[in-house]
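Student: Chain by chain, the residues run as shown.
2 protein chains.
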Amino acid sequence: MEKVRRISFRARATLKLSKPLEEEKRNELSNWIKLRAGELLSKGTRIKEEAAKVENFEVFDNKIILEISSGRSVRPHDALARLRKAIGEELGKKLGIGVREIQIEDYEIIFEGSNFRKINLPFTKEITSNENEVRVKLNLTEKEIYSQVPDRIVKLFLEKQQEVPTGKEIHEVRWSSQQKPHKYNVDPSLELVKRGWVKRFDQGIWYYMPPFAALMRTMEKIIVEEIAVPNGFVEAYFPKLITLEVMRKKGQLYGIPNEMFYVCEPISRDASYFEDYMDKVKVTNETLPTELLGKLKPPTYALPYAQCEPFYEIFSGEIVDVDQGPIKLFDRSGFSFRYESGGLTGLERLNAFNRIEITYLGTPEQVVEIRDKLVDSYQRVLDKTLDLEVRTVEVTPVWMAHAGVTSDVQRSVPATLDFEVYLPYRGERETSEWLEVGNASVHFDKYMQWYNVKEKKEREVWTGCSGNGLERWVVSLLANHGFNPEDWPKEFRKYLEKLPENIKLVTWP
Amino acid sequence: MEKVRRISFRARATLKLSKPLEEEKRNELSNWIKLRAGELLSKGTRIKEEAAKVENFEVFDNKIILEISSGRSVRPHDALARLRKAIGEELGKKLGIGVREIQIEDYEIIFEGSNFRKINLPFTKEITSNENEVRVKLNLTEKEIYSQVPDRIVKLFLEKQQEVPTGKEIHEVRWSSQQKPHKYNVDPSLELVKRGWVKRFDQGIWYYMPPFAALMRTMEKIIVEEIAVPNGFVEAYFPKLITLEVMRKKGQLYGIPNEMFYVCEPISRDASYFEDYMDKVKVTNETLPTELLGKLKPPTYALPYAQCEPFYEIFSGEIVDVDQGPIKLFDRSGFSFRYESGGLTGLERLNAFNRIEITYLGTPEQVVEIRDKLVDSYQRVLDKTLDLEVRTVEVTPVWMAHAGVTSDVQRSVPATLDFEVYLPYRGERETSEWLEVGNASVHFDKYMQWYNVKEKKEREVWTGCSGNGLERWVVSLLANHGFNPEDWPKEFRKYLEKLPENIKLVTWP
Chain A
6 MEKVRRISFR
16 ARATLKLSKP
26 LEEEKRNELS
36 NWIKLRAGEL
46 LSKGTRIKEE
56 AAKVENFEVF
66 DNKIILEISS
76 GRSVRPHDAL
86 ARLRKAIGEE
96 LGKKLGIGVR
106 EIQIEDYEII
116 FEGSNFRKIN
126 LPFTKEITSN
136 ENEVRVKLNL
146 TEKEIYSQVP
156 DRIVKLFLEK
166 QQEVPTGKEI
176 HEVRWSSQQK
186 PHKYNVDPSL
196 ELVKRGWVKR
206 FDQGIWYYMP
216 PFAALMRTME
226 KIIVEEIAVP
236 NGFVEAYFPK
246 LITLEVMRKK
256 GQLYGIPNEM
266 FYVCEPISRD
276 ASYFEDYMDK
286 VKVTNETLPT
296 ELLGKLKPPT
306 YALPYAQCEP
316 FYEIFSGEIV
326 DVDQGPIKLF
336 DRSGFSFRYE
346 SGGLTGLERL
356 NAFNRIEITY
366 LGTPEQVVEI
376 RDKLVDSYQR
386 VLDKTLDLEV
396 RTVEVTPVWM
406 AHAGVTSDVQ
416 RSVPATLDFE
426 VYLPYRGERE
436 TSEWLEVGNA
446 SVHFDKYMQW
456 YNVKEKKERE
466 VWTGCSGNGL
476 ERWVVSLLAN
486 HGFNPEDWPK
496 EFRKYLEKLP
506 ENIKLVTWP
Chain R
6 MEKVRRISFR
16 ARATLKLSKP
26 LEEEKRNELS
36 NWIKLRAGEL
46 LSKGTRIKEE
56 AAKVENFEVF
66 DNKIILEISS
76 GRSVRPHDAL
86 ARLRKAIGEE
96 LGKKLGIGVR
106 EIQIEDYEII
116 FEGSNFRKIN
126 LPFTKEITSN
136 ENEVRVKLNL
146 TEKEIYSQVP
156 DRIVKLFLEK
166 QQEVPTGKEI
176 HEVRWSSQQK
186 PHKYNVDPSL
196 ELVKRGWVKR
206 FDQGIWYYMP
216 PFAALMRTME
226 KIIVEEIAVP
236 NGFVEAYFPK
246 LITLEVMRKK
256 GQLYGIPNEM
266 FYVCEPISRD
276 ASYFEDYMDK
286 VKVTNETLPT
296 ELLGKLKPPT
306 YALPYAQCEP
316 FYEIFSGEIV
326 DVDQGPIKLF
336 DRSGFSFRYE
346 SGGLTGLERL
356 NAFNRIEITY
366 LGTPEQVVEI
376 RDKLVDSYQR
386 VLDKTLDLEV
396 RTVEVTPVWM
406 AHAGVTSDVQ
416 RSVPATLDFE
426 VYLPYRGERE
436 TSEWLEVGNA
446 SVHFDKYMQW
456 YNVKEKKERE
466 VWTGCSGNGL
476 ERWVVSLLAN
486 HGFNPEDWPK
496 EFRKYLEKLP
506 ENIKLVTWP
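If you read the protein sequences in the order shown, they are chains A and R.
The letter at position 393 of the first sequence is residue 398 when you use the numbering used here, and the numbering goes up by one with no holes.
The letter at position 103 of the second sequence is residue 108 when you use the numbering used here, and the numbering goes up by one with no holes.
For reference, chain A alone in the conformation it holds in the complex (with noise of 0.2 Å):
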C-alpha cells in the first residue's frame, strides 16, 4: 500500500517594497539574489537536494517576483521569509527601503506516488491528479506562510491518506466480578418516570426529584471517599465555560466539534442594543432565536464535554517539577454535556449529566501506578458496595478519538480502561450490551505537549483521568437491584439513611 514517494513545492510570489529602486540598484540587488539566495536557502538542510532553489526572478522598480522550488526541505514558504527578511535588511542598511509584503501568485504542493483516495483540504483553489500524483494548488496569504500553513497541509494531507477504518475497536476484557443472581429485569428509565423520580425537562435534559437526587448524591458520596479521597484526590472546582482555545489545546475543537454545545455573549450588554428583540418577543411571545442569534458574538466558550480540558490548562506555559510528587485533582463542581442526536428516551444517554471528573499529572510510573490503583478502587467499589455483575475492558482510547487520532505508537501499558455494568433487562450477559459507568485513563505525554508544559529538568511528565456517570451508577443500580430500598445492598445502604419523599402534584406524577 505505498504512498507518498516525493512531496515537492513550487511557489511563485511577489515581494512589494516601500519606495521604487533605481535601475542601479536594481542590478545590484539581482547579483546579490544570484550570488547568495542558494547559501541563504540551504542553511540548516542536510540534504541540499531537498532545499528550496530560486528557479527565476525579476527585479522591479517596485517589487521583485520570484520562482522559487523546493523538496521537503526548506519549503518555498520558509525561502521568502528568509528572502524577505535578508532582502529587507540589504536594502534597509542601504537605501532604507523595506519589503512592504509579500504576496503568494501560487503555491503547489506535489505528491508523487501510488493509491492515493480524494480528500478536501483547506485553503486549495484546485487538486489535480493522475495515476502518478496530487497537485495541490494553494490560495495563500502573507499571514499563512508566517504561520506555517503550508506545512500542516502536508501534514493532514498524509493523515487523511493513510485514514484507516475505524472497524479496528479493541474491546478486550481484562477482568471480571462473579456472576451475580437478579431478581429484577426491567428498565430502570420507565419507571423512574412513571415514579416521578425524575421529571422530563427538554430532549436529554431532567430535572431529578428528592428520591433520584438522593441517590445521586449517595453515588456521589461513595466515589469521593472509596474512590477519589483514598487514592489521594482533593478537590478542587473546574471552570464550566471552557474557551475554544483549550478545546483546541486537547484536540476537541478538530476532533468532535460537531459533539459539542457551543456558548455566546451578547455583542452588548447594553440593554438598548436588546430593544428591537425584546420588543418583539413581548407582543409575539415567542422566543425568536434566529432574531436572537443576531444579537449574540460568535461563540466564545463550549461547554464541558471530557470536565477535565481545563485540568492540564492549569499547567499550560508552566514549569512542573515532579520532584514535588504527581499531582492529584478531582471535580464534582457541575454538569457536563454532550450534544447527542435525536431520540433520546432513558437517562444512560444524556444532553447534560453528572460526573467526578478525577485528574493526574506525574512521572509515567506514577501515572501508570495511581492508574492501576483507580482501577482497583473501581472494581472494589462496583463489585463490593454495588454488588453489581462488572468487568473492566481495554478500549480504544475515546481522548485519542476526541482528537481525531485513531492510530498511536504501540504502548506497553493500556491507554484507557472501561468498567462496564451488566444490565439484566437488557438480555443475555453474553450477548447484550453492558454499560459503561467509568474508565480510567493514561494520556502518556500527549497533553503535555498540546498543552505546552515543561518540566524543571525535562524529564517526561504523563497525565491521566478518569470519569464516571452519576446517573448510569444509579440506572446500573436500579436496573439490578430494583426500587425497594429494602433490596439494596448494605454496603449502598450504609451511606443512605433514608430515602426522601417526593413532591405530589395532582395531575403528576
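Watch out, some of these pointers could steer you wrong.
Since the list can't tell identical chains apart, any single copy or any two copies may satisfy a pair.
When the alpha-carbon atoms are kept at most 25 Å apart in a straight line, the in silico DSS-like pairs for lysine-lysine are as follows [to be verified]:
# : residue 1 : residue 2
1 : K165      : K300
2 : K499      : K389
3 : K509      : K199
4 : K333      : K226
5 : K226      : K499
6 : K68       : K148
7 : K509      : K99
Note that these hints are calculated values from the structure, not bench results.
With the hints as your guide, set chain R onto chain A.
Tutor: Relative to chain A, chain R alone:
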C-alpha cells in the same frame, strides 16, 4: 401627567376566497354584511361605541375588501377573525366556498392624549405624531392577527409611555447585627490570587484550587445544614440548560436578554458536516469562531441566570393542591452564569458562580411564613456562625426587574430582602458599599400566572425563592477574619477540620 385619553383603531383588509362568486351571490353577501356585521362585531361588548364597525366594504368575485374602525372593545383584528369565520360558514354551507386568507393592507392605532414621548415599537411601518395624538401604522400578516399582536403593541406602547426612571430604588435597612471589631483590612481577592487559592481561567471565570474549594464546600454545608434542611427543604437537581421558552415565561428573555449566555447546538451531528472547519482549525491552529458560528443553529438554551427558572416550570400546565402543604426544594447542582461586562478582577462579581437556590410554593400565608423563617436562619448564620457584621435590607425586587416590570401594586409584604455584609477593606461602614451575599423573595402569584399553573380549587398560590453566592460568602469570611484558619470563628471551624494543601508548580503560584 395625563397621557392617553382615547385609543382607536382603523384597518383595511382583504378576505381572499377559495373560488369566485357569481354576481347574484355577491349581492347576497353584500346584504348579509350590511344586515349582520353590526351585531356580530359588537357581541359581548358593554360599551357599543367602543366596538368595531364596518365603515366600508366591497365584494369582488374572489375577494372582499373591508374597512373597519373600532374603539377599545372589539378591535379590527378580532373583528376580521369574526367576519372570516362567519362569512366562511355562510359561503361554505351554501356554496362550498371558503375564506382562504386575510391580507392586511393597513392597520392603524390612534392614541389621543398629550405629553407623549418618542418610542420605538415592533411591527411598525410608521409612527407619526402631533401634540394631541400618536398614530402607529402596523405591518401585519394573518399570523399576527390571530396571535393578538396588536393588543400587545397597545400594552407595550402604554408601558413605554409610563416608564419611570429607575432612580426610585428601594433600599431600607430592616435589621442589623451588632457592630464588630475587625482584625483584617485587605481585599481578599488579591491575596487569593497571590496565594494561588484561585487561578484565573478567563474573564470572570476561575479555578478554585484545593483551599478555596474546601471553603466553598464548607459554606455549602453550612447553608444546607443550617438554612435549607432545618426549614424543611429537600434537594433536587434543576436543569442547567434552560430552554428559551422557560426564560421567556420567567420574563428574562425580554427583561435581561443582554445579561445572559446562550447555548447553540451544531446544525448536524455528522462529523463530515464539520470537515472543512476541522481541517482549517488543524492547519491554522486557530479557533475560528466565525466559521464555527456558521455550523451552529440559533440558540436553543440560555445558561441558568437566576437558577430557579426551571422550578416554576415543574408546575407549568399542571394542577397543584395547596392542601398537600407547601412545596420546598433546593438545588446545588452546578454553576449559575451572568454575562458581566469587561474589567472583572475580584471574586465578588463573576461570570460563573455557585449558589444554593432555595425555592418554595404554597398559599400566600405559607410562602410569607417560609420566607420569614429563612430570613431568621440567614441572619443567625451570617451573624453567629460566620461572625460577620450583617444587615437585612428591603430592596427593589430584582426578579421583577429581570422581567422588565418596574412598578407593581402596593403590597403589605416586602417582595425582596437582601442580606448585606460589611467589608472593612472597602472603607467606613457608614459610607462604603456592603456586599450582597443572599436574598429571599416572595413573587406573589406572578410566576403562577406567567407559567400557567392551576390550583385544584382555584385558591391563590404564591411562590418564592432565595439565592446566595458561595464565592461571596468565602470572600466575606476572608475579608473580615483574614487568611489564618486560627482566626476563623469557632462555629465555622466545626465544619472544616483542616484546610487542604495546595498544589505547587515551579512557576506558580
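Student: Hint by hint, note whether the structure agrees.
Tutor: Structure-based check of all given hints:
1. K165 - K300: between (38 Å within a copy, 22 Å between copies)
2. K499 - K389: Within. Shortest intra-copy distance 13 Å satisfies the 25 Å Cα cut-off; inter-copy 33 Å does not.
3. K509 - K199: within (13 Å within a copy, 50 Å between copies)
4. K333 - K226: both (18 Å within a copy, 24 Å between copies)
5. K226 - K499: Result: close both inside a copy and across copies, 11 Å intra and 20 Å inter.
6. K68 - K148: This pair counts as within: shortest intra-copy Cα distance 19 Å, inter-copy 63 Å.
7. K509 - K99: neither (88 Å within a copy, 53 Å between copies)
Consistency note: the structure conflicts with earlier hint 7 alone.
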